[in-house]
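Trainee: With the sequences and hints as input, model every part of the structure.
1 is the number of the first residue of the sequence shown in my numbering; add one for each residue after it.
Rather than coming from a laboratory, the hints here were simulated on the basis of the structure.
Hints are not guaranteed to be accurate.
Computed Cβ-Cβ distance ranges for the label pairs, DEER-style [what the hints assert, rightly or not]: (1) 57 <-> 15: 19 to 29 Å; (2) 47 <-> 69: 31 to 41 Å; (3) 62 <-> 16: 15 to 25 Å; (4) 39 <-> 63: 19 to 29 Å; (5) 66 <-> 1: 11 to 21 Å.
Capping the alpha-carbon separation at 27 Å, the derived lysine-lysine pairs in DSSO-like fashion look like this [unchecked claim]: (6) 13 <-> 44; (7) 61 <-> 44; (8) 26 <-> 13; (9) 26 <-> 53; (10) 53 <-> 13.
We treat Cβ as the ideally placed atom computed from N, Cα and C, and that holds for glycine.
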Amino acid sequence: QEVIDMSGGCGAKFSIVIATEQFEGKRLLERHRMVNGALAEEMKEIHALSITKALTPEQWKQQQESEMPQAAA
Numbered sequence: 001q002e003v004i005d006m007s008g009g010c011g012a013k014f015s016i017v018i019a020t021e022q023f024e025g026k027r028l029l030e031r032h033r034m035v036n037g038a039l040a041e042e043m044k045e046i047h048a049l050s051i052t053k054a055l056t057p058e059q060w061k062q063q064q065e066s067e068m069p070q071a072a073a
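Mentor: Below, the structure written as structure tokens:
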């Protein structure tokens with residue numbers, strides 16, 4: 001998981017990347033609803049939340065592997 005404060009330090013705007021097994025079998029909208037539900041209390045103080053990525057651990061692993069530079073042959 002990664003949380004980035006994009007508000008210049010005032011804590012009003014965040015961008016997050018999250019990977020959890022709880023997202024298995026869930027569509028993107030359901031995943032976003034789960035995150036928003038888990039942060040319901042915090043959302044009262046936050047102006048904006050951007051869920052950059054909401055992935056399963058396997059999706060995270062595949063993404064990381066695809067972003068790694070290929071070793072020279």
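Trainee: A separate judgement is required for each hint: does it hold in the structure or not?
Mentor: For each hint, the structure was consulted:
1. Look at residue 57 against residue 15: about 20 Å separates their beta carbons, and that is inside 19 to 29 Å.
2. Between residue 47 and residue 69 the C-beta distance comes to about 37 Å, which sits within the given range of 31 to 41 Å.
3. A hinted range of 15 to 25 Å for the beta carbons of residue 62 and residue 16 is consistent with their spacing of about 19 Å.
4. In this structure, residue 39 and residue 63 meet the distance hint of 19 to 29 Å, their C-beta atoms being roughly 23 Å apart.
5. A hinted range of 11 to 21 Å holds for the C-beta pair residue 66 and residue 1, which are about 19 Å apart.
6. With a C-alpha separation of about 12 Å, the suggested pairing of residue 13 with residue 44 holds against the 27 Å cut-off.
7. For the suggested pair residue 61 and residue 44, the alpha carbons sit about 33 Å apart, so the restraint of at most 27 Å is broken.
8. A C-alpha spacing of about 26 Å is found between residue 26 and residue 13, which places the hinted pair at or below 27 Å, so the restraint holds.
9. Only pairs whose Cα atoms come within 27 Å are accepted, and residue 26 paired with residue 53 is accepted, the gap being roughly 14 Å.
10. Our distance criterion of 27 Å between C-alpha atoms is met by residue 53 and residue 13, whose separation comes to about 16 Å.
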